[in-house]
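Enquirer: Dock chain B against chain A, hints included.
The residues making up each chain are set out below.
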Amino acid sequence: AQTIHQWPVAEIKAVGSPLSLGCTIKGKSSPNLYWYWQATGGTLQQLFYSITVGQVESVVQLNLSASRPKDDQFILSTEKLLLSHSGFYLCAWSPRGGTYEQYFGPGTRLTVL
Amino acid sequence: GEQVEQLPSSLIVQEGASVLINCSYTDSASVYFPWYKQEPGKRLQFIIDIRSNMERKQTQRLTLLFDKKTKHLSLHITATQPGDSAIYFCSASLNTNTGKLTFGDGTVLTVKP
Numbered sequence: 001a002q003t004i005h006q007w008p009v010a011e012i013k014a015v016g017s018p019l020s021l022g023c024t025i026k027g028k029s030s031p032n033l034y035w036y037w038q039a040t041g042g043t044l045q046q047l048f049y050s051i052t053v054g055q056v057e058s059v060v061q062l063n064l065s066a067s068r069p070k071d072d073q074f075i076l077s078t079e080k081l082l083l084s085h086s087g088f089y090l091c092a093w094s095p096r097g098g099t100y101e102q103y104f105g106p107g108t109r110l111t112v113l
Numbered sequence: 001g002e003q004v005e006q007l008p009s010s011l012i013v014q015e016g017a018s019v020l021i022n023c024s025y026t027d028s029a030s031v032y033f034p035w036y037k038q039e040p041g042k043r044l045q046f047i048i049d050i051r052s053n054m055e056r057k058q059t060q061r062l063t064l065l066f067d068k069k070t071k072h073l074s075l076h077i078t079a080t081q082p083g084d085s086a087i088y089f090c091s092a093s094l095n096t097n098t099g100k101l102t103f104g105d106g107t108v109l110t111v112k113p
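Chain order of the listed sequences is A and B.
Take the first sequence: its letter number 27 is residue 27 in this note's numbering, and every next letter is one higher.
Take the second sequence: its letter number 103 is residue 103 in this note's numbering, and every next letter is one higher.
Mixed in with the good hints, there may be bad ones.
As the list claims (entries may be wrong) - Once the Cα atoms are required to be at most 20 Å apart in a straight line, the calculated DMTMM-like pairs of lysine to aspartate or glutamate come out as:
{"hint": "1", "chain 1": "B", "residue 1": "112", "chain 2": "B", "residue 2": "39"}
{"hint": "2", "chain 1": "B", "residue 1": "42", "chain 2": "A", "residue 2": "101"}
{"hint": "3", "chain 1": "B", "residue 1": "37", "chain 2": "A", "residue 2": "101"}
{"hint": "4", "chain 1": "B", "residue 1": "42", "chain 2": "A", "residue 2": "11"}
{"hint": "5", "chain 1": "B", "residue 1": "71", "chain 2": "B", "residue 2": "27"}
{"hint": "6", "chain 1": "B", "residue 1": "69", "chain 2": "B", "residue 2": "2"}
{"hint": "7", "chain 1": "B", "residue 1": "57", "chain 2": "B", "residue 2": "15"}
{"hint": "8", "chain 1": "B", "residue 1": "100", "chain 2": "A", "residue 2": "11"}
{"hint": "9", "chain 1": "B", "residue 1": "71", "chain 2": "B", "residue 2": "84"}
{"hint": "10", "chain 1": "B", "residue 1": "69", "chain 2": "B", "residue 2": "55"}
{"hint": "11", "chain 1": "B", "residue 1": "100", "chain 2": "A", "residue 2": "57"}
{"hint": "12", "chain 1": "B", "residue 1": "100", "chain 2": "A", "residue 2": "79"}
{"hint": "13", "chain 1": "B", "residue 1": "68", "chain 2": "B", "residue 2": "15"}
{"hint": "14", "chain 1": "B", "residue 1": "37", "chain 2": "B", "residue 2": "27"}
{"hint": "15", "chain 1": "B", "residue 1": "112", "chain 2": "B", "residue 2": "67"}
{"hint": "16", "chain 1": "B", "residue 1": "57", "chain 2": "A", "residue 2": "101"}
{"hint": "17", "chain 1": "B", "residue 1": "100", "chain 2": "A", "residue 2": "101"}
{"hint": "18", "chain 1": "B", "residue 1": "37", "chain 2": "B", "residue 2": "105"}
To be verified - Chain B is faced by these chain A residues, among others (derived, beta-carbon under 10 Å):
{"hint": "19", "residue": "32"}
{"hint": "20", "residue": "33"}
{"hint": "21", "residue": "34"}
{"hint": "22", "residue": "38"}
{"hint": "23", "residue": "42"}
{"hint": "24", "residue": "45"}
{"hint": "25", "residue": "49"}
{"hint": "26", "residue": "62"}
{"hint": "27", "residue": "92"}
{"hint": "28", "residue": "93"}
{"hint": "29", "residue": "99"}
{"hint": "30", "residue": "103"}
It is worth saying that the hints were derived from the structure and are not from the lab.
Backbone N, C-alpha and C fix where the C-beta goes; we use that ideal spot for every residue, glycine too.
Chain A with its partners taken away, still in its complex shape (with noise of 0.2 Å):
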């Protein structure tokens, strides 16, 4: 069976921090991976999406960056935090070829303060 983890679950940042968030996928090969953000309230935004290992599309500017270094692994940073990026940020997969379920990791809950 197919698991998804993220970390760390949840972090209180300074403002002008750095950040780093991970998302790691077992037992699925060469998935689509996802990184969206939730507002508190409840709208979701997909930030990017990455179909192979070193490919990165973003899909909205919020000055943040996504890198895929391995095949199961999806990596949202930032080297400057900002008051608006505090929010939930979830991880999902699917498989390979775009129009399928997505499957979503349990989020980082991040406050900037």
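Expert: For chain B alone, coordinates are given in the frame of chain A:
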């Protein structure tokens, strides 16, 4: 880009009632429409989907209707239970292998026992 609108933003019903959640999208090139559910404290979970070559899909207590001409979808939930209380999200995807999804703002459903 694609925009997805959901109505109503919230619903409160008594157990056993039926509910209807409406969703509209703007990009006529969208071909895949998955719906997700987010229960309090739980992961975002896929519940049903429909492709643009279909008009109706049903699974257990869920019926999803799709009107390509009006770019409108509606999710009908029958015999609601308190366990159905969650945020329901409509989303839309173009026919690519990227899995890029645009989400609606969600509908908060509360089912009272």
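Enquirer: Each hint needs a verdict: does it hold in this structure or not?
Expert: Comparing the hints with the structure gives:
no., hint, verdict
1, 112(B) - 39(B), "holds (15 Å)"
2, 42(B) - 101(A), "holds (17 Å)"
3, 37(B) - 101(A), "holds (12 Å)"
4, 42(B) - 11(A), "holds (18 Å)"
5, 71(B) - 27(B), "holds (8 Å)"
6, 69(B) - 2(B), "holds (16 Å)"
7, 57(B) - 15(B), "violated (23 Å)"
8, 100(B) - 11(A), "violated (27 Å)"
9, 71(B) - 84(B), "violated (26 Å)"
10, 69(B) - 55(B), "holds (11 Å)"
11, 100(B) - 57(A), "holds (10 Å)"
12, 100(B) - 79(A), "violated (25 Å)"
13, 68(B) - 15(B), "violated (32 Å)"
14, 37(B) - 27(B), "violated (23 Å)"
15, 112(B) - 67(B), "violated (31 Å)"
16, 57(B) - 101(A), "holds (15 Å)"
17, 100(B) - 101(A), "holds (11 Å)"
18, 37(B) - 105(B), "holds (12 Å)"
19, 32, "holds (5 Å)"
20, 33, "holds (9 Å)"
21, 34, "holds (6 Å)"
22, 38, "holds (8 Å)"
23, 42, "holds (4 Å)"
24, 45, "holds (7 Å)"
25, 49, "holds (5 Å)"
26, 62, "violated (15 Å)"
27, 92, "holds (8 Å)"
28, 93, "holds (9 Å)"
29, 99, "holds (4 Å)"
30, 103, "holds (7 Å)"
In summary, the numbered hints that this structure violates are 7, 8, 9, 12, 13, 14, 15, 26.
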